[in-house]
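Chemist: Sequence:
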Amino acid sequence: MNTPRQELEARVAAAVHRLFSPAPPAPYVRPCPDLRHGDFQTNAALVLAKEAKANPRDLAAKLAAALALADLADQPDIAGPGFLNFRLKPAYLAQQISLRATDSRLGLPAVANPETFVIDYSSPNIAKEMHVGHLRSSVLGDALARLYRFLGHTVITDNHIGDWGTGFGMILFGYKRDGDPEKLRQDPFGHLESIYRRVQEEAKADESIREAAKRELVLLQQGDAANLELWNRFLKYSLEALDTIYRRLGVKFDHTLGESFYNDALPGVVADLLKLGLARESEGAVAIFSDGKLPPKDDPFLVSRDGKYDDNPLLVRKSDGGYNYATTDLATIRYRHDHFHAKRVLYIVDGRQQMHFRQLFAAARRWGYGAMDLEHVWFGAILGADKKPIKTREGGDVKLKALLAEAEERAGKIIAEKRPELPEAERAALGRVVGLGALKYADLAQNRNLDYVFSWEKLLAFDGNTAPYVQNAYVRIRSLFRKAGLEQAPVAEVALTEPAELALAAKLLDFADSVHLAASEYRPHYLCLYLFELATLFHKFYEACPVLTAAAPVRDSRLVLCDLTARTLRLGLDLLGIEVVEQM
RNA sequence: GCUCCCAUAGCUUAACGGAUAAAGCAACGGUCUUCUAAACCGUAGAGUGUUGGUUCGAUUCCAACUGGGAGCGCCA
Numbered sequence: 053m054n055t056p057r058q059e060l061e062a063r064v065a066a067a068v069h070r071l072f073s074p075a076p077p078a079p080y081v082r083p084c085p086d087l088r089h090g091d092f093q094t095n096a097a098l099v100l101a102k103e104a105k106a107n108p109r110d111l112a113a114k115l116a117a118a119l120a121l122a123d124l125a126d127q128p129d130i131a132g133p134g135f136l137n138f139r140l141k142p143a144y145l146a147q148q149i150s151l152r153a154t155d156s157r158l159g160l161p162a163v164a165n166p167e168t169f170v171i172d173y174s175s176p177n178i179a180k181e182m183h184v185g186h187l188r189s190s191v192l193g194d195a196l197a198r199l200y201r202f203l204g205h206t207v208i209t210d211n212h213i214g215d216w217g218t219g220f221g222m223i224l225f226g227y228k229r230d231g232d233p234e235k236l237r238q239d240p241f242g243h244l245e246s247i248y249r250r251v252q253e254e255a256k257a258d259e260s261i262r263e264a265a266k267r268e269l270v271l272l273q274q275g276d277a278a279n280l281e282l283w284n285r286f287l288k289y290s291l292e293a294l295d296t297i298y299r300r301l302g303v304k305f306d307h308t309l310g311e312s313f314y315n316d317a318l319p320g321v322v323a324d325l326l327k328l329g330l331a332r333e334s335e336g337a338v339a340i341f342s343d344g345k346l347p348p349k350d351d352p353f354l355v356s357r358d359g360k361y362d363d364n365p366l367l368v369r370k371s372d373g374g375y376n377y378a379t380t381d382l383a384t385i386r387y388r389h390d391h392f393h394a395k396r397v398l399y400i401v402d403g404r405q406q407m408h409f410r411q412l413f414a415a416a417r418r419w420g421y422g423a424m425d426l427e428h429v430w431f432g433a434i435l436g437a438d439k440k441p442i443k444t445r446e447g448g449d450v451k452l453k454a455l456l457a458e459a460e461e462r463a464g465k466i467i468a469e470k471r472p473e474l475p476e477a478e479r480a481a482l483g484r485v486v487g488l489g490a491l492k493y494a495d496l497a498q499n500r501n502l503d504y505v506f507s508w509e510k511l512l513a514f515d516g517n518t519a520p521y522v523q524n525a526y527v528r529i530r531s532l533f534r535k536a537g538l539e540q541a542p543v544a545e546v547a548l549t550e551p552a553e554l555a556l557a558a559k560l561l562d563f564a565d566s567v568h569l570a571a572s573e574y575r576p577h578y579l580c581l582y583l584f585e586l587a588t589l590f591h592k593f594y595e596a597c598p599v600l601t602a603a604a605p606v607r608d609s610r611l612v613l614c615d616l617t618a619r620t621l622r623l624g625l626d627l628l629g630i631e632v633v634e635q636m
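With my numbering as the guide, the letters of the first sequence map in order to residues 53 to 636.
Keep in mind that a hint or two might mislead.
SDA-like cross-link-like pairs, simulated, lysine to any residue; straight-line CA separation at most 20 Å [stated by the list, open to error]:
(1) Lys-141 <-> Thr-55
(2) Lys-451 <-> Ala-153
(3) Lys-141 <-> Ala-153
(4) Lys-180 <-> Gly-132
If you're looking for bench data, these hints aren't it; they were derived computationally from the structure.
Could you build all of it, start to finish, from the sequences and the hints given here?
Modeler: What follows is the structure, given as structure tokens:
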């Protein structure tokens, strides 16, 4: 099933094909930025005229004459320098609405050639409680996983947790000295983090503590039974605590293969890199250097200093024999290739690590994994009101747990004001869905590359482009159906006459375009924008067009429109990881 | 020093090389005896950091510059 845009594009392509024997690159049809001009436009004539050195308006006229689209749109206008503007016919809109009214995928068929994606997101450290910095990765990654899954791809989600590394030496040392098994069980993050902080503080001043921590780490890495047992306990309790948070967030993973999972593979990775000549020893460490095949400007293994290029190697083994996270990342790439047969891997990681990923991906290509498409889907920082990385008043990280609690509580308070008659338990349930939805949506609704200034006012502002606004449109429709005593829309002829009906119908048909756009660019904010516009058009329709009080044929037609709107809003929000409620 | 990212109404943002740059918030003024006012309608508000270039056409591409942020061998 094509969207109107896809259908018009196919018709334009066919016409272009008839007019030009070597068919030029596919022309495109896009929505008119200004609806006064029409619903869709193509600039195909402008592009073709440039190629053929012809008059664009003449070409546009020829193209218009060659188009066969009487069943879906009026004969196009030729406008400006040679645009063709299309206006869809109400009968076509109505027919397309009817087709989607009985389609559970709302007019978006699954892809014909599914690919296997691995999506890597969230990735907290198990010795530290999750904080606000993990929110974007978790929420974005989850939304992208849902989007690609819905499109019909095979999606494997993997939480690459930090469960190994130098920090654990300090934790082991500190835990042995003043750990408390009961506290560990009850609040693993709180306990481990306070231990970690204390030892880190002491180690700054005391060389012997630094040494002791290092010895614990070496013991752990050598497989010492006592340290391994402790580490396993840290892992077990931390994973349980993480689970609680993820359940609350509504974020899921197929796998949680942390750094420790790749431990045993690391020596082999380095040996392989050395054998292949990709890496060599340098100052006691092992590193990957430039192979000179790229222009120095584009070579991630070179950096320009004072006018000449210096090495900027990627370290894969430290001079003390330990491994870097680059090594783990390379082992992970190999595993995802060999074991998951991934065609594409998305890393949902903040933008500060761009250099690391450029080096990592270049190293992976040279290592022979060039057929796999590796993408760093990066996002901006979360800043406080002072535009500096966000901290609590005490200077610590803002805990995710506290954040979720506050979102739910604040939403609950607003609901209590608006709906005092609801029972307490119901209000709490609504607060959870609305608060969490607002929190996630605020993050998803803006371009991920921008820094994000955190503020409660903004997060829980329930006006404008927010989750509650969109959820509310859904609630209004459900309320109509409750009032009508109907579970779903009647099977009815769809007839569209009012401007508000036509605008709503046209927007409903664009759903698949927005999903494709959001997925292909890894930018869920396109879908948010679509849902906001859809909700706005629904509210306008609701204002202008009575539903239940209209005469029978109009009433049923409008109920079909309402039902499709509700299902589109629900599915769209679901693809973002946001729930709906039946009333609010 | 080098590399990367960002710069659009008072604020937060949108714009998939196209037409008179689009929304929300805040401001101001309206609409609840009519399917839930977490709604709707209206007014005012920018020419996209600067200077060039490519193009029939640039917020979008290229170059230089300015301002802000981040990163640059044994942390992840």
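Chemist: Now tell me if each hint is right for this structure.
Modeler: Results for each hint:
Of the pairs offered as hints, the one joining Lys-141 and Thr-55 holds, with about 14 Å between alpha carbons and a cut-off of 20 Å not exceeded. Between Lys-451 and Ala-153 the alpha-carbon distance is near 43 Å, which puts this suggested pair outside the 20 Å criterion. Pair hint Lys-141 plus Ala-153 holds up; C-alpha atoms about 18 Å apart against a cutoff of 20 Å. Between Lys-180 and Gly-132 the alpha-carbon distance is near 60 Å, which puts this suggested pair outside the 20 Å criterion.
Consistency note: the structure conflicts with the earlier hints numbered 2 and 4.
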